[in-house]
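**Student:** Each chain, written out:
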Amino acid sequence: MRKVATIAQRELGAYFLSPIAYAVHAMFLFTAGLAFALGTFKAGGEASLRSLFEFWIVLILVFVLPMLTMRLMSEELRSGTIETLLTAPITEVEIIVGKFCGAFAFYVIMLVALLFFPILLSNYGDVDPWLLVCNYIGLLLLGALYVSVGLFFSTLTKHQVIAVLFSFGLLALMTFAFHALSTRIENWPKLRTVMQQLSIQSHFHDFVRGMLDLNHLMFFLTTTGFFLFVAVKLLEARRWR
Amino acid sequence: MIRVTNLTKSYGPVRAVDNISFEVERGGVVGFLGPNGAGKTTTIRVLTCFQPATSGTASIGGFDVFTHSIEVRRIVGYLPENTPLYPEMRVAEYLHFRGKLRGLSYAQRVEAVKRVADRCWLGEFINRPIGHLSKGMRQRVGLADAIMHDPDVLILDEPTIGLDPTQIRETRNLIQELGARHTILLSSHILHEVEQICQRAIIIAAGRVVASGSPQELRERFSAQARVIAEMRGPKDDVEKSVRALDGVSAVEAVARDGWVRLAVDPKPERDVREDIFRLTTDKGWSLREIRREGATLEDFFIKVTAQQAVGEVSPP
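Going line by line, the protein sequences match chains Y and A.
For what it's worth, this note's numbering labels the leading residue of the first sequence as 1, then goes sequentially.
For what it's worth, this note's numbering labels the leading residue of the second sequence as 1, then goes sequentially.
You may find that some hints are simply not true.
[Said to hold, decoys possible] Pairs of lysine-lysine residues, derived as DSSO-like cross-links and limited to a Cα-Cα distance of at most 27 Å, are as follows:
1) A:K241 <-> A:K268
2) A:K241 <-> A:K284
3) Y:K233 <-> Y:K158
4) A:K114 <-> Y:K3
5) A:K114 <-> A:K135
6) A:K241 <-> Y:K158
Honestly, the hints are just simulated from the structure, not real lab data.
Based on the sequences and whatever the hints tell you, model everything.
**Tutor:** Structure below.
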């Protein structure tokens, strides 16, 4: 566990020393703020962050998180530091989990800034605190999944551009495409069910509405676990080639 | 301490390392020599558990590199070629990070960083970001990282490449000092460096071991095959024929100039023909004004032996 913390600490520190992380963070806050200002924060509107969280934030995260995770492993592969990392007495599991935690910690810091919106809203209307907690739990789970997908693609290639494009592609597919497609397929009910189950949006939806469903919790946890597992296997495969 | 048995490593169809075997005993400083592309780095990568062998086994300290990888990595300090480092971290920060990866406690790390900063002359830039360091400084940081946890075995891949002469000398002295307490396997293509520091040299070319022994032994072996240059005054054809007729001579090249004949004589293996040539000149009454054996350095041996490997003949080790 100590080594996981060591790797996580290093990654988090590296984010703060990199201009890319600041740029991405700034972009996130800007677009989220824009969505909030134009969509939610208007006279006569509902004092709820529902539309913000339900759609806009998810859309923004599909773009932003792959940009944060693209360098996690790709940079090590490209610069050769993977050699000093893999020849140290540390297991691949510790490396992947450590990197995941470092990136996730940065994501959590990004989310903290979002708290500004409900605080602002509460001046003008009633904001349900438990709903907010539920929303944030959903966001944390969603972010964990996105980070694990990004880390997986980063481990796959030393080219950061490929990592970011594929992460973005898969996340867009799982978040939006599956949901949209599932409403259009009526002839194949089995396929429809599969798509609905894999669709991130349908799972996230309930968190926004205030429901903590074990079903959805398990979806996020197991899918995140799946991508981390495959990333570990990818790293281990290097020892077999 | 280090044992390699029938190690083969192929990258697809290319066989980078072809059935090599060697041993490094505890406390030894062994040089791994070879031209570029010979398979030195590949062998080292198998030993440090970065890549697996295609066949054969390797073990360090009794631990097999494949089945007991973590144990091997604990007792090895490795300096890779091109010293990869994280440019955004500061030197002290980086060393602490590596120390933590190796399981050192805070107190141990502080002491270790101080120790290696001293030994590798990191003092003046210990708090500078690695991205701002020169190549020589980065090399020293890499070496510091390798020795930080006081490993039993040090594996250094071209540790003096890119350093200036002063730094090279200091690094070599450091390696010699370290050799007193650690087992060191050092790869290089700077031959006189290996001659100076190493007790034994293993010469590898095209994936095979072509020679192994102490630098002294290898030089002797070459000397025995070295060309003899002689210059004597006599009729060219007669001189050439008589020298060629000598027992122990395998080939002669003669050039006549100003009445003197300059000869380059290739002796048969393990034969020293200098005395025979001298006796010939006294018998025939020819004046002799030069007789010497051409350069007996490890470098000549190396070039000859690796050239032979390239052509397809393999010298007995």
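**Student:** Confirm or reject each hint.
**Tutor:** Going through the hints against the structure:
Between A:K241 and A:K268 the alpha-carbon distance is near 17 Å, which keeps this suggested pair within the 27 Å criterion. Distance hint between A:K241 and A:K284 is fulfilled; the C-alpha atoms sit about 13 Å from each other, no more than 27 Å. Our distance criterion of 27 Å between C-alpha atoms is met by Y:K233 and Y:K158, whose separation comes to about 16 Å. The suggested pairing of A:K114 with Y:K3 holds, with an alpha-carbon distance near 22 Å, which does not exceed 27 Å.
A distance of roughly 21 Å separates the Cα atoms of A:K114 and A:K135; the hinted pair therefore holds under the 27 Å criterion. For the proposed pair A:K241 and Y:K158, the alpha carbon gap of about 66 Å is over 27 Å, so the pair is violated.
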